[in-house]
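**Student:** Line by line, the protein sequences give chains A and B. Each number in the numbering used here corresponds to the 1-based position in the first sequence with 22 added. Each number in the numbering used here corresponds to the 1-based position in the second sequence with 4 added.
Hint data in this document are derived by calculation from the structure and do not stem from the laboratory. Be aware that a few hints might be false.
Derived Cβ-Cβ restraints for the label pairs, each shown as a range [unchecked claim]:
#1 G57/A to W71/B: 18 to 26 angstroms
#2 N6/B to R85/A: 32 to 40 angstroms
#3 G58/A to G51/B: 36 to 44 angstroms
#4 P52/B to G57/A: 39 to 47 angstroms
#5 L142/B to V69/A: 22 to 30 angstroms
#6 G57/B to R105/A: 25 to 33 angstroms
#7 R85/A to L142/B: 40 to 48 angstroms
#8 P14/B to R85/A: 44 to 52 angstroms
#9 T98/A to Q10/B: 44 to 52 angstroms
Covered, in the sense of this in silico footprint (three residues per stretch, anywhere, with C-beta under 8 angstroms from a C-beta of chain B), are these stretches of chain A [claimed, not checked]:
#10 41-54
#11 89-100
#12 115-126
On a predicted model such as this, the values are computed, not experimentally measured, just so you know. Even glycine gets a Cβ: it sits at the ideal position worked out from N, Cα and C.
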Amino acid sequence: MPLFTALIAGLVFGLGLLISGMSNPAKVLGFLDLGGRWDPSLAFVMVGAIVVATIGYALARRRARSWLDLSLQWPTARGIDRRLVLGGLVFGIGWGLAGFCPGPALVALGQGREQALIFVAAMLVGMGLFEWWQRR
Amino acid sequence: MNIAWQDFTPWAALGGGALIGLAAALLMLANGQIAGISGVLGNLVRGPRQAGGWRLAFVAGLLLAPWLFAAFVPAAPATIEAGPLRLVIAGLFVGIGTRLGSGCTSGHGVCGLSRGSVRSLVATLAFMAAGFVTVFVLRHA
Numbered sequence: 023m024p025l026f027t028a029l030i031a032g033l034v035f036g037l038g039l040l041i042s043g044m045s046n047p048a049k050v051l052g053f054l055d056l057g058g059r060w061d062p063s064l065a066f067v068m069v070g071a072i073v074v075a076t077i078g079y080a081l082a083r084r085r086a087r088s089w090l091d092l093s094l095q096w097p098t099a100r101g102i103d104r105r106l107v108l109g110g111l112v113f114g115i116g117w118g119l120a121g122f123c124p125g126p127a128l129v130a131l132g133q134g135r136e137q138a139l140i141f142v143a144a145m146l147v148g149m150g151l152f153e154w155w156q157r158r
Numbered sequence: 005m006n007i008a009w010q011d012f013t014p015w016a017a018l019g020g021g022a023l024i025g026l027a028a029a030l031l032m033l034a035n036g037q038i039a040g041i042s043g044v045l046g047n048l049v050r051g052p053r054q055a056g057g058w059r060l061a062f063v064a065g066l067l068l069a070p071w072l073f074a075a076f077v078p079a080a081p082a083t084i085e086a087g088p089l090r091l092v093i094a095g096l097f098v099g100i101g102t103r104l105g106s107g108c109t110s111g112h113g114v115c116g117l118s119r120g121s122v123r124s125l126v127a128t129l130a131f132m133a134a135g136f137v138t139v140f141v142l143r144h145a
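Only chain B is shown next, with the shape it has when bound in the complex (with noise of 0.2 angstroms):
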């Protein structure tokens, strides 16, 4: 295996993840929620009834945090490979596979597996694995 050491951030990376972390704790602690993003949206997606209003607020907050970000930092850099089909197949997958499974990297991935969830650890590693094989195939097969 041959590791990219200059693109390795390991602690922005662990403190952006330990800010992750805080972020659903706040949720469960004041709110009572599972900062799940595909449940979120797809409640939201369900209509204007089902949503809540934290709903609402919690991606006002996504949207708003590059903003913040931005005024004390130069805009982090976000670089985005893929054309006009391939967003639109990846989103429908990502939309539908969500649903279907019930959660995605923070509802599985992080708050799944802080809860020592049996099923989050399941679907954490079906995603995983899934997008290591796809990415194996676009740049490798």
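This is chain A alone, in the form it adopts within the complex (with noise of 0.2 angstroms):
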């Protein structure tokens, strides 16, 4: 049952990518150029998932354990170091250059885009090196 249930969490997930135009990098690139014609739509697309999150988030925090009695794992980091901020910045270049964040690039991967492939091939080697370089 957790299985079908992030399986459908991840369905339901990819269509709000899909149906919001996230999925596509020449939108998410409209929206990062403000010098340009700035398109807002990714506000909304924010605007919106943090409105129904906020609920749900409000509604799991009142229970102990989840609907399939699993343990609730909410984040316990709390310290702004010089890591998150690095972290988010060296993101933040690399979603500007292509226009992709990891979702997206999924959603275009099941799309069978090859541009797709290419990108997440290179960020999986990224987060590997990053695991390298943590062992070290």
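Quick one: dock chain against chain with the hints and give me the complex.
**Tutor:** Encoded structure:
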């Protein structure tokens, strides 16, 4: 059952990316292009997502366990350190370079786009490099 | 500022965004997990032992979503302007940056802000600012 609900969550998440236009790098870059003809749509994606997720999380916070009797894995990190900011900046540069962040890249990969395959492969290599660097 | 009114799709954005929020809520309410895609992928990269089946199932859902979508409406457009070299560099930056900063647009931008996390707000401001500057440099500098 946890596999089924996670699959549904992934499907709904992906449909949301497709419907909202987040899965289209050209539209993402249109949002990031403040100096050109700016497309504010993605701000509305964030608003829609945050309103619904805030309600869902408020419901979840009242529970000790999930619907499937699993523990609720709320993040515990609180500190704002150099790693957080530097990581955000590095990610933002990569996001601006191609218009892909991880979710939309997976959706585009599911669409069979060969450019998405290149991006996702490089992203996984990047994650692997980070793991290797962490373990040294 | 010049607004691209003909590209502006507020209702699709709000509706699609609501679905993203619904998926994040479902994953917490049912599985007790944060819907952070870079975190999910990062744990899969670590190896099958840490993976947990739910992560594979969630990724499978994302990969299958366009197929479900195409069954009802014409395929969603995706225009990818970046060439292979830029895609590789972008992918490396996104992979390293999201792991270093413990999250991406979904984990920090949607889930974190919905939990009222100050940490996620700082990360979101950082990647948004870097994204704006990068596109400005590429297109206008």
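**Student:** Does each hint hold? Answer for all of them.
**Tutor:** Evaluated hints:
With their beta carbons about 37 angstroms apart, G57/A and W71/B fall outside the hinted range of 18 to 26 angstroms. At about 47 angstroms, the CB distance of N6/B to R85/A disagrees with the hint of 32 to 40 angstroms. Checking the proposed 36 to 44 angstroms range against G58/A and G51/B shows it holds: the Cβ atoms sit about 43 angstroms from each other. At about 45 angstroms, the CB distance of P52/B to G57/A agrees with the hint of 39 to 47 angstroms.
Under the hint 22 to 30 angstroms, the C-beta atoms of L142/B and V69/A, about 27 angstroms apart, fit the expected range. In this structure, G57/B and R105/A meet the distance hint of 25 to 33 angstroms, their C-beta atoms being roughly 29 angstroms apart. Checked against the hint of 40 to 48 angstroms, the C-beta distance between R85/A and L142/B comes to roughly 45 angstroms, which is consistent with it. Checked against the hint of 44 to 52 angstroms, the pair P14/B and R85/A fails, with Cβ atoms roughly 33 angstroms apart.
For T98/A paired with Q10/B, a C-beta distance near 45 angstroms keeps the hint of 44 to 52 angstroms intact. Only residues whose beta carbon comes within less than 8 angstroms of a beta carbon in chain B count, and the segment 41-54 of chain A has 12; three or more means the coverage holds. Taking a C-beta to C-beta cut-off of 8 angstroms, the segment 89-100 of chain A contributes 10 residues in contact with chain B, enough for the three needed, and the coverage statement holds. For the segment 115-126 of chain A, the stated coverage by chain B holds: 11 residues have a C-beta nearer than 8 angstroms to a C-beta of that chain, and at least 3 were required.
Consistency with the previously given hints fails for numbers 1, 2, 8, ordered from lowest to highest.
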